[in-house]
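**Student:** Make the complex out of the two chains shown on their own, each in a separate frame, by following the hints.
If you want the building blocks of each chain, they are given just below.
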Amino acid sequence: MKFTVSWLREHLDTDASLDAILDGLTRIGLEVEGVENPAARLTGFRVARVLTAERHPQADKLQVLSVDAGDGPLQVVCGAPNARAGLVGVFGMPGAVVPANGMELRVAAIRGVESNGMMCSTRELELGEDHDGIIELPADAPVGTTFADYAGLDDPVIDVAITPNRQDCMGVRGIARDLAAAGLGTLRPLEAVLGDLPQITPQGAGPDVATHDPEGCPAFFAQTVAGVTNGPSPDWLQRRLTAVGQKPISALVDITNYVMLGLGRPLHVYDRAKLQGGLVARHATAGEQVLALNGKTYTLDGGETVIADDAAVHDIGGIMGGEHSGVSETTTDVLIECAYFTPETIARTGQKLALTSDARQRFERGVDPAFLDEGLAIATRLVLALCGGTPSEVTRAGEPPADPRLVAYNPNLSETLGGLAVAPERQQEILERLGFVVDLEWNVVVPSWRRDVDGPADLVEEVIRIEGIDKVPSTPLPRPAGVARPTATPEQKLERRLRRSAAARGLNEAITWSFIAEDAAASFGGGAWTLANPISEDMKVMRPSLLPGLLSAANRNLKRGATGVRLFEIGRRYLADGERLTLGVVLAGEQRSRGWQAGKAAPFDAFDAKAEALALLEAAGAPVANLQVMDGAGDAYHPGQSATLRLGPKTVLAAFGTLHPRLAKAFDLSGSVVAVELFLDALPGKRGTGFMRPAYAPPALQAVTRDFAFLVPATVSGDALVRAVRGADKAAIVDARLFDVFTGAGVEEGSKSLAVEVTLQPGEKSFTDAEIKGVADKVVAAAAKLGASLRG
Amino acid sequence: MTPDLEQLRADLLAAIDAAAGLDALDAVRVHALGKQGAVTGLLKTLGGMTPEQRQVEGPRIHALRESVTEAIATRKAGLEQAALDARLASETLDMTLPVDRTAPGSVHPVSQVMDELAEIFADLGFAVATGPEIEDDWHNFTALNIPETHPARAMHDTFYLAGEHERPMVLRTHTSPVQIRTMLSQKPPIRIIAPGRVYRSDSDATHTPMFHQIEGLVIDKGITLAHLKWTLETFLKAFFEREDIVLRLRPSYFPFTEPSAEVDIGYTMQKGKRVVGGSEGWMEVLGSGMVHPKVIAACGLDPDEYQGFAFGTGVDRLAMLKYGMDDLRAFFDGDLRWLKHYGFSALDVPTLSGGVGA
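Sequence lines, in order, name chains A and X. Read left to right, the first sequence gives residues 5 to 796 (our numbering). Read left to right, the second sequence gives residues 8 to 365 (our numbering).
Bound-form chain X, shown alone (with noise of 0.2 Å):
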């Protein structure tokens, strides 16, 4: 190798290595590699040469030009690389910050074990019924076997509805009404729940004006007590989600059912507070019983071909038991503080593969 060429190389990768920028490597590339570089020049010479001198100066001014642009190349990607983490040095920030978070909204428990009563009582094959919360009198009470000088009347704390109307209007007492309603309308077999508001002109720290009631209704031939107690069983094991769920049915009456019974659940002291399950105590929490023969004469089925059952529970008291609130009032309150910590999120859907409770 001449020494010129040794000599232009070496001058070249000192000055690519040195360049502090790009602008400055640009530079260096123009003036080794550019129209009137040097590089190029002895490219030029290739030219004028003999093919003997082209055979041993080719390869070597190739190579020159070779080993300066893959230098360049390097330099460059050096110099972006170091440009880039310069840049994002300089764009770092405090990750920490807090960002502006939308506070998730809630779903009511009410609302929640309602959904929850649904989906088990579909399983057993029940549809959810509805009537109006503003009821006449006959659907109410008569055609539930309550007269009007029946004292059961007295024990129900009616609400009435001022002014005249065809029939005394009340504001439902139970979700009874809708067992009328429904086999008025639907012929058996009938599986039923009505799920609602109910209203009761009583106020105190476990009653409440208003509240929620779930009735359940099954009316087929052949169906009895031993169902009933079947029912209400697999229902509060599946709500509870608990196997050692213990009912106590307590003879009762209620004077639309006939036999009728009371429905205590066992619970176990736990921490103080009353746990669902077990036996150590009873807590009521559903009326029921066979449905009476004059109510399902009044809504004009035979009551020699068809019987069935009925039960009634608070939907609010199955909350305070399952979740552990402890005061009803605070159910109508819209605090947003209770909300927030007895509420639901939008996704706990209840599903009976999921289990449906939340």
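Isolated chain A, as found in the complex (with noise of 0.2 Å):
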């Protein structure tokens, strides 16, 4: 919301200074976002009087003036055809910079003659539009003043951010009365601020106006006025008008800007020569069609407050105004609405009609519903005042809502909920400063005008913001003895492990976006979430894996010229029943550079993935020898080259593996791509079994070991083999170790040969030769079910 000061000031008795005022707005919460002065931008230009006028010797257009700007005569060059003896116009200083152009004047000889500034036209001080000729001022205005003095152009603009609660300060007199309370003056009365507009007399009935629909409208209060004339607003009001970035229209609409910037009463004004019949608030019928001011046709859903006569709709109530009946030039006869829109019909309306408007802003937050018949009258004198015309009745259709609300308050609540003491008598003086009335037992009668405040918390933020929220003191939480007690979940501890592991790891954390395109979510299942309203179709989906968003950073990366892409993420995926907390891994590029050691640059492989999931489960405390290496892991993958880990049949903790080459291809990725998924929703819960471990004593007797070369169908997997090495004897062998895998030469087709290292543990005694090779029988037993071979 902007506003000037001088228009402040009208409503506004104060001798604080302007930093005093902007002070004084931010701290009662009416933060300013801005402060200009328009006339910072025309220092340097004078009102001047042009005492002579000759042709110039070289140019045929130009003349040389003789320039009076209060330090006596100056030689000016000047272009413009009306320049002459007489003319009182705006001289600009040498030194002054033009607002239009930038540019500094200076001394300077134009074709040969010394011109000492210049005559500016309204464009060149970006004053209007106007560059025909120089800028000519009454013959009386004073010569040698300052320019931006005497056009009252020195009046800084300020711009403040009104919170949604407050519509009684979307009018300035709202802001003066804030400010009056917070001590920056006195509110001037209302009569004393309109000074001499014309009283009404009213001749003849008022128009014919109802309220069929006292839900959305309840109140319809109009005025005509006959006989107007409708032309540009005089000055000082066009001026205020631009000043806060409203642009003039005509006299009529400006008078329904005037009063809504000024008093917060939004208003509308019909020409009665384009109505037919009466004017009612009612329900819109669907596919009802309105034109608004805007130039945009909006159809009507059905149901939404409307202004119409007998033949259509001419105001989207509250909102906007509809183009036909809207005043012109020739229009002579008008009808004045000042209405009571219910904000939630106007809130629901706009948002359907995705309509915005200063009208809106003002009703959706709830005008003064007890300044109907004052607003009316306001903008009708304002009307006979700029138009003439004869006024009519007022018709009074409907009532607003004016029950006056009441709030039984208890003057501790400052101290015991706002934290600051303040005197009962300062708080009641406060609120009676902001329109509210006090009895003797602290009932409150609430302003009509503060729709916002309907309860004790709403008079403590009144007492404290206008006392000053800056006095309120620091109190420290109460802190229970000794030291701070651990707060983290499972859940936290586990994802701030992993995610350091990772990091430890050499993987680098990303965080990408939780939604991404619907195509990209296809390939892993799809996603179950979709947004209704995308910022874009690349970010549509809730992303069912946390993969499409770390391969599109991958491919960036390898864009820019990464060579080795090593990225994780911790976040949730979201699924149907639920958001489930993942961990995803993407590998891309080169596992390890070409170098003088180990040569050729190595791409990352499906075990680079499997290195990955195993070490980052173990951090996250799963039983990684138990898990259950199983084929496959989906469409996101390789189907020869992927895996899920599992801990017992059912219960998926990871899935992993060699990226699917069509996805690779989808996400611009060459060359081979690895992913982890770590599905952390699935880990077991760590059960609490206190600090205390187990009571271990390392064997005395050192462990031995033996090794068995294993042909095997090709078909067996190493994991098959080792797990039934490792159950050939549970109590001696304490682990199995596959350390070799070979084909080819001397190993028939469709077999392998698979070594493995087995160690045996003893315990009170060492093995004996006949123990070792009862073990080693009992593992070639073992071996032989899976169909291996002891290779000879």
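Any given hint could be a false lead.
Computed beta-carbon distance windows for the label pairs [what the hints assert, rightly or not]: (1) Glu753(A) x Glu98(X): 42 to 50 Å; (2) Tyr330(X) x Arg795(A): 53 to 61 Å; (3) Glu98(X) x Glu752(A): 18 to 26 Å; (4) Arg598(A) x Ser192(X): 54 to 62 Å; (5) Thr213(X) x Asp542(A): 15 to 23 Å; (6) Glu419(A) x Pro196(X): 19 to 27 Å.
No lab work stands behind these hints: they were computed from the structure. In this text the structure is predicted, and so the values were computed from the model without any measurement. Where a beta carbon is used, it is the ideal one built from N, C-alpha and C, also for glycine.
**Tutor:** Structure below.
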């Protein structure tokens, strides 16, 4: 909300400086977003009289003027056709900067004649579009005064952010009232502000208006003025509206904007000649159309509150008027509407039509329901003053909601809730300055313009913000004795461990968007949640996996020249039945760069993914040794180079492997890309067993190892063989590790050679040769069940 | 001493000295001390001597044997050292050659700052709470005193989810619904922070459609705005690890708090950059207030008995203010160069004893 200081001073009697006003505004919750003085741009421009005008000796279209800008005659070269002796205009002194083009004026020779400044056009000063000649001021304009002063432009424009609860401050008067309450002056009585506007002497009955929608439009007040002349509004009004960014249109329209911006009271003016019959506030019927003043046609669903005559809809009630019945230069008879629209209805209609306007902003926040009569009268008086005409009586259809709210208040609350002790008398003073009425029992009547106040906490806010929120002391929260207790949940601890384990393993944590493109989600089973209003097609579906985001990031990095990409993310995947904590890893490009030791660069392969999966699962506390590896990890992966890690047959803890080439192509990734997904929601919870570990003493005797080389059918997995071997003698065998895989020369087609190192741990006594032989036989027998034979 | 013994000693010592390698030295050893060796031969003659002769010759022959043995040992050590030196000299490598080095990984600044905040608030007795990001409009708006037609709903630029649901579903526009979920599931006293992703339909250099917030909530008896002020001052001083943090509270409006205040943090200009601390200018960092009685009531608590405060701030923004990033969009791009520059080492675990910043 923008307003000028002079406009504010009309309502507020104050000798406070601009800085004090700005400070005060922010302090009481009307945050100053900007302040600009148009006069600052007009430094060095003065009112000046042309004393003489002679032809330029070298140029037909130029004249040499003698100009008095208060310090005696100056020679100025000027090309304006209207420059002539006796003209009073605006003179730019050397050093002044022309607002329109940013040029600094200097003493310079123009076609051989010295010029000591410039006579200016309105466009050069950015005060209008006129560039046909230089500005002509009245002959009695005081020569030598600063032009900004003369033109009343030395008037800073203040822009404040009005929070949605403060409709009353969407008019200058409301702001003035708040500042007065904060001790920055006195609110002038409204009649004093209006000054000598003509009084209304009604002639004839009021217009035919009614409301058939008492819910959406409980009150519709109107008055007509016949015989008006609608031209441009006077300078003072145009200047005021222009200063706050409102375009002057015509006297009648400008009056409604002036009342809205000054008093927070939106109005609408109809050209009676364009109306057929009376006006009624009613529900729209489905399919009804209205061409609004913004030039757009709106089709109504039915149910919106509209103002219509016998023939058509003329106003989307409280939001925007219609083009057809708007006033123009030819308008002679007007109907002024001053209505109360219900905020909820306005909000719904505005949201539905996606139509914002200054009127909607005010009505949806709730205008003062007790200000209809006065608002209408002020508008009518302004019309009489600026456009002439004869007013009718006022028609009042319906009743605005005007039950005064009463709040039972306890002044102790300013301390017990607001944290600041304020003397009750002072609290009463603050509330009364804001328009509240306080009785002896602290029953507080809320002023009609403060729809936002309906409880004691609201009154505390009023007291605190006016008294000064900076006066609220800092009081420590009570603190339990002793050292702070741990607060993190198991899930948070898991997330932290994994994040830092992954980073320690050389992975870089990324955060990618929770929403992805629909087709990106499709490869991961499709998204369960689609945005109704996505910001773009690429951000439409809540991700069912973390991989698409990481793959896109990997692609961007490779395109930027990265050779090896190791990215991970911890976040949620969004499934139909909930949001699940997930860790995703993408490895792309080179696992190892070429080097003098290892030679050629090596790409990532599926086992790099497996290594990450197992290391991270181990960090997460999963029983890594008990996990089963099951081939295939779904559509996103290479079917022959991927697997899941499961705890039991059903619980999938992780998927890993080479990315499916189709997906790699879809993400524009060349070369090998491998990925890991850890489904953290599936991890078994840690059992709370206290800090004590089970008893343990390292075995006294050294373990012995034996190697076995088996020939096995190619279809038998390494994991199956190792499990069989390890299970051959559970007492003696503590570990079995596959250390060689071989196919080719000496191994027949359809078979492979797998070598396993078996670790045997003796107990009390060392193994005898016979005992070791016994275990070896069991190992061979167990392997034989899988079709394995000892390699000769 | 008989001349031939002296001669033998001289000859043997000369031969030992002259031995060029371990093999030659061993040949000298065999020649002198082997079964058929010269010295061994002399030792054998001791048996045929009279006691008087043996008394004289014995020590001399033994002395000869000892001196020869010692000379061989010394020479052997010398030769071995020389051989080792030669081998080591031949094994010299260019130690300036590069080693394969796994580039260190990194923790994202948002995660780091969330850990820092959790650490600070743990000391103040705040637990960490979470809630869903796909929320229903009751938790996101209605329970927070933002009815359907409230202008504040429009301010939030909400993402809605398509399809028919029991209640309209939205991507949470703030972490405040976690307040509601906490109050519905826990009995006061409550002290929680709730960090997480939030979403608004907004996109430019300082706004991204997804960002991170952290919410704080205290509900108890006798909690006032003064406690809120202390908590925010204490937290920001701890977070920035500066004592010259100055806060400015400004009355403001949030539907779910009353009274409400926006909180600005003072900054000073240093080398053209805003640095937190001092009060040359103000930056908005937090929204806060006393939890609205209607919100407390909507959660089934008695607002006459319990009251408290809530605050919310942008985690990304706190990270930017503390660590100096200036473009929010880069947070979500996954650019390795950015992550390596602004990210944190795995071992930069925030602790109170070590300072939460890194």
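**Student:** Would you list, in rising numerical order, the hints stated earlier that this structure does not obey?
**Tutor:** 3
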